Amino acid sequence: MTLITSTIPAPAGPHYRPAGVLRSEWTKIRSVRSTTWTLVATIGITIGIGVLATSTEASRWTHASLADRLTFDPTSLSLAGLLFGQLAIGILGVLVISAEYGTGTIRASLAAIPNRPLFLAAKAAVFTAVALIVGEIVSFGAFFIGQSILGGSAPHAMLGQAGVLRAVAGGGLYLAVLGLFALGLASIIRHTAGAISAFVGVLLIFPLITQALPSSIRDVIGKFEPATIGNAMTSVNTHLQGGAIPAFSPWVGLAVLCGYAAAVLGIGGWLMVRRDA
Amino acid sequence: MIEVTGITKRYGDTLAVDDLSFEVKPGQITGFLGPNGSGKSTTMRMIMGLDNPDAGQATINGKAYGGLGWPLREVGGLLEAKAIHPGRSALNHLWALAQTNDIPRSRVDEVLEVVGLTSVARKRVGTFSLGMGQRLGIAAALLGDPSVLLFDEPINGLDPEGIRWVRNLLKGLGKEGRTVFVSSHLMSEMALTADHLVVIGRGRLIAEMPVSEFIAQSSQQFVRVRTNQPNELREALQSTEATVVEEEDGALSVSDLSAEEVGDIALIRQIVIHELSPQLASLEEAFMELTHDSVDYRGESGLSADTDFENKNGRLTPAGK
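Residue numbers (this note's numbering), protein chains in the order written: chain C, 1 to 277; chain E, 1 to 321.
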């Protein structure tokens with residue numbers, strides 16, 4: 001019987017603690033391949049599209065119109081890939097939750113941590129930390145590579161210039177918060193395919209629908225769309241986005257995005273407590 | 001100690017568990033028996049705080065599951081075979097669980113050894129057979145060295161060696177004074193392992209009693225006898241008020257008389273008999289009789305009853321060694 005009865009030391013304290021739950025979630029996120037693949041995709045897509053966009057601009061700069069030259073924002077251009085990279089990080093955000101439900105691991109997890117809001121909060125915290133670090137690496141990587149491509153033939157930006165550091169760092173923040181939003185959606189929807197569809201719908205389909213609305217309504221709704229906010233967050237010349245939808249200033253936009261993420265996580269946590277696992 | 005009081009669970013119009021109350025005491029193995037779909041798994045999930053009951057409550061050592069300080073150190077549960085992320089290794093699955101309850105890494109290696117998965121600990125769970133998945137689930141249940149253990153159909157998917165190993169494990173855990181609650185839809189399996197029975201059908205309690213009592217109560221004995229003169233023998237036997245039924249092959253089934261008595265009567269009447277054998281109705285038949293009215297889904301073929309009663313080594317050894 002010696003093998004069953006073990007000499008595990010008595011726990012310190014009367015109750016399981018958030019630190020242990022965080023460590024557990026860190027073990028989980030780093031021990032599945034989908035994490036590696038979605039992060040590699042986030043990096044590859046964002047930097048790849050940034051390279052494509054800056055190369056194109058560098059080659060056509062000599063033919064660019066005066067209007068184009070006046071509104072040219074080299075920082076924003078090098079970060080254009082974030083619009084697609086957000087899909088990959090969103091898929092990771094979804095999988096962090098939906099894979100637990102899809103495989104049934106959720107029951108083992110909740111048997112170990114009956115406090116469901118704590119469980120969801122730990123998941124969200126670990127994911128956000130990973131997404132923020134990878135997001136900043138991606139954003140700065142895309143910026144530096146993009147500027148070196150532009151450097152030969154077109155104006156390029158440097159981190160020391162006004163608003164540039166804010167825009168590049170904003171790219172990483174944008175990725176992390178959108179990924180967290182996807183995680184929140186998954187905590188409500190619980191199915192991988194359903195949650196990814198909802199995430200893509202909010203990001204890409206919804207703006208297409210609003211395009212069809214009269215401009216007075218479109219401008220109001222458009223301000224609240226993640227893509228509009230993201231665009232403003234990653235631009236230096238926010239007031240020069242001629243013809244584009246009016247946008248919140250970068251930090252207000254970030255606060256709005258955080259509000260979205262908090263709202264879906266709050267609803268997800270509320271449902272999690274009430275629903276059967 | 002598990003106490004279930006008036007627990008009720010409704011899915012839409014269906015009452016999955018209907019005002020169910022019972023106790024599971026420490027130091028013995030309590031079998032949770034019922035046909036498929038009778039509410040066993042739902043009840044176990046409610047005990048473990050995973051599903052919310054519509055009425056009633058379940059407590060473990062006097063506390064609701066959600067009120068346990070270190071849940072894995074107090075309760076171990078195996079609820080579903082292979083309900084584990086297929087992309088994660090066995091080691092990482094257990095380590096992630098262990099970390100939540102401050103269980104040291106050495107204990108993960110220990111339970112992997114106990115269930116015989118040490119050599120495949122770093123393999124992804126998706127490559128595991130159903131039986132290996134069950135062993136990993138059992139390892140997770142043992143992780144916190146808990147005093148209360150719940151196993152939902154632990155022998156599903158196991159080969160005969162694995163089944164024997166689970167039986168010995170359960171008995172070992174019971175002998176150590178733990179509370180062991182095991183569900184099964186096979187009475188024969190419970191007769192081999194359990195000390196006490198909670199029988200449910202359609203979410204309602206049908207019986208709660210020691211296994212020995214269930215066996216004594218439900219084992220109908222009868223004697224099978226074959227002869228060329230069935231009518232004479234039947235007449236002779238019936239004169240003793242025994243119940244005699246003629247079977248399809250012409251043999252007679254005699255209740256309320258021993259084989260010796262039947263033989264003696266035949267000799268006195270000078271009737272030649274060609275077969276005389278005492279028969280025992282199987283426990284499976286008794287169980288089916290008991291739950292007959294409460295079976296929702298018929299047509300399932302149960303595993304053939306394993307009649308291996310021997311239990312050579314009560315000692316727990318890692319499987320495959």
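Calculated from the structure, these hints are not laboratory results.
The structure presented is a predicted model; accordingly, all values stated were derived computationally and were not measured.
All residues carry an ideal CB built from backbone N, CA and C; glycine is no exception.
Be aware that one or more of the hints could be misleading.
Here chain C is said to cover these stretches of chain E; the calculated rule only asks that three of the stretch's residues, wherever they fall, bring their Cβ under 8 angstroms from a Cβ of chain C [unchecked claim]: (1) 115-121; (2) 151-161; (3) 250-263.
Computed beta-carbon distance windows for the label pairs [as the list claims (entries may be wrong)]: (4) E/59 to C/137: 29 to 35 angstroms; (5) E/105 to C/217: 56 to 62 angstroms; (6) E/119 to C/12: 53 to 59 angstroms; (7) E/11 to C/56: 55 to 61 angstroms.
Comparing the hints with the structure gives:
no. : hint                               : verdict
1   : 115-121                            : violated (count 0)
2   : 151-161                            : violated (count 0)
3   : 250-263                            : violated (count 0)
4   : E/59 to C/137: 29 to 35 angstroms  : violated (49 angstroms)
5   : E/105 to C/217: 56 to 62 angstroms : holds (58 angstroms)
6   : E/119 to C/12: 53 to 59 angstroms  : violated (33 angstroms)
7   : E/11 to C/56: 55 to 61 angstroms   : holds (57 angstroms)
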